[in-house]
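S.K.: These protein sequence lines are chains X and E, in that order. The first sequence finishes on residue 155 if you use the numbering used here, and the numbering steps up by one all the way, no holes. The second sequence finishes on residue 507 if you use the numbering used here, and the numbering steps up by one all the way, no holes.
Because the hints were derived from the structure by calculation, they are not lab data. Treat the numbers as computed from the prediction; the structure is a model and nothing was measured. Among these hints, one or two may not hold up.
As the list claims (entries may be wrong) - The following label-pair restraints were derived from C-beta to C-beta distances: (1) E/503 - X/102: 43 to 49 Å; (2) E/463 - X/54: 38 to 44 Å; (3) E/435 - X/115: 34 to 40 Å; (4) E/435 - X/75: 32 to 38 Å; (5) E/463 - X/114: 41 to 47 Å; (6) E/495 - X/111: 34 to 40 Å; (7) X/53 - E/461: 42 to 48 Å; (8) E/457 - X/125: 21 to 27 Å; (9) E/463 - X/98: 21 to 27 Å; (10) E/446 - X/114: 37 to 43 Å.
Claimed, not checked - Some chain X residues near chain E, calculated using beta-carbon distances under 8 Å: (11) 129; (12) 133; (13) 142; (14) 144; (15) 148.
Beta carbons are placed, not taken as given, at the ideal position from N, Cα and C, and that holds for glycine.
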Amino acid sequence: GENVEQHPSTLSVQEGDSAVIKCTYSDSASNYFPWYKQELGKGPQLIIDIRSNVGEKKDQRIAVTLNKTAKHFSLHITETQPEDSAVYFCATRGDGNKLVFGAGTILRVKS
Amino acid sequence: DSGVTQTPKHLITATGQRVTLRCSPRSGDLSVYWYQQSLDQGLQFLIQYYNGEERAKGNILERFSAQQFPDLHSELNLSSLELGDSALYFCASSVYSSSSPLHFGNGTRLTVT
């Protein structure tokens, strides 16, 4: 079945620096790649997503890049702020409608 | 606020018992998904319903069952509970399409003692 690997599992950055989280997937049929942010005591919140026909998408300080040939996609957060501290999950969706999630990355932004 | 409502927020029960978790999807969303989140397993897909019908099944135990009602709310039933069932259970909803995003509720934290 579909498998999504996410790295790193934890990431500490200084406020103002950039953070990059990477995911690789196994299913060639994957066509939708969302990223979720989960804060303590809350459910995952969609922060950005990308379809397979697009290589890059940006929304203010957040960007996602997709390399379908290599089957990997990445989340880039620039000018990190303390409120960016959370757990980030990548996910993919191929045939069918379910999302398969990576294991998550704990991001800590130190001020 | 995602618009997905889950109740209760917390549930503490004993082994062997049965519980029901409830989910109201966002207005207009026809599809409901259930996920289990535990420390060692991450977010695991359990089951999906669309407009009252089961559409996909993941790693859902036989002791667990779900349904979606005509008003589109969904319930997840967990029976013969074991200590290992302690986890966060999330409901998500979407408009059913291959590229529509999922929106998650804030979950129900189940503790089995």
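S.K.: All hints are to be evaluated individually against the structure, with a verdict given for each.
M.R.: Against the structure, the hints come out as follows:
no.: 1; hint: E/503 - X/102: 43 to 49 Å; verdict: violated, 35 Å
no.: 2; hint: E/463 - X/54: 38 to 44 Å; verdict: holds, 41 Å
no.: 3; hint: E/435 - X/115: 34 to 40 Å; verdict: violated, 23 Å
no.: 4; hint: E/435 - X/75: 32 to 38 Å; verdict: violated, 25 Å
no.: 5; hint: E/463 - X/114: 41 to 47 Å; verdict: holds, 44 Å
no.: 6; hint: E/495 - X/111: 34 to 40 Å; verdict: violated, 21 Å
no.: 7; hint: X/53 - E/461: 42 to 48 Å; verdict: violated, 36 Å
no.: 8; hint: E/457 - X/125: 21 to 27 Å; verdict: violated, 43 Å
no.: 9; hint: E/463 - X/98: 21 to 27 Å; verdict: violated, 37 Å
no.: 10; hint: E/446 - X/114: 37 to 43 Å; verdict: holds, 40 Å
no.: 11; hint: 129; verdict: violated, 18 Å
no.: 12; hint: 133; verdict: holds, 7 Å
no.: 13; hint: 142; verdict: holds, 5 Å
no.: 14; hint: 144; verdict: holds, 7 Å
no.: 15; hint: 148; verdict: holds, 6 Å
Checked against the numbered hints given earlier, this structure breaks hints 1, 3, 4, 6, 7, 8, 9 and 11; the rest are met.
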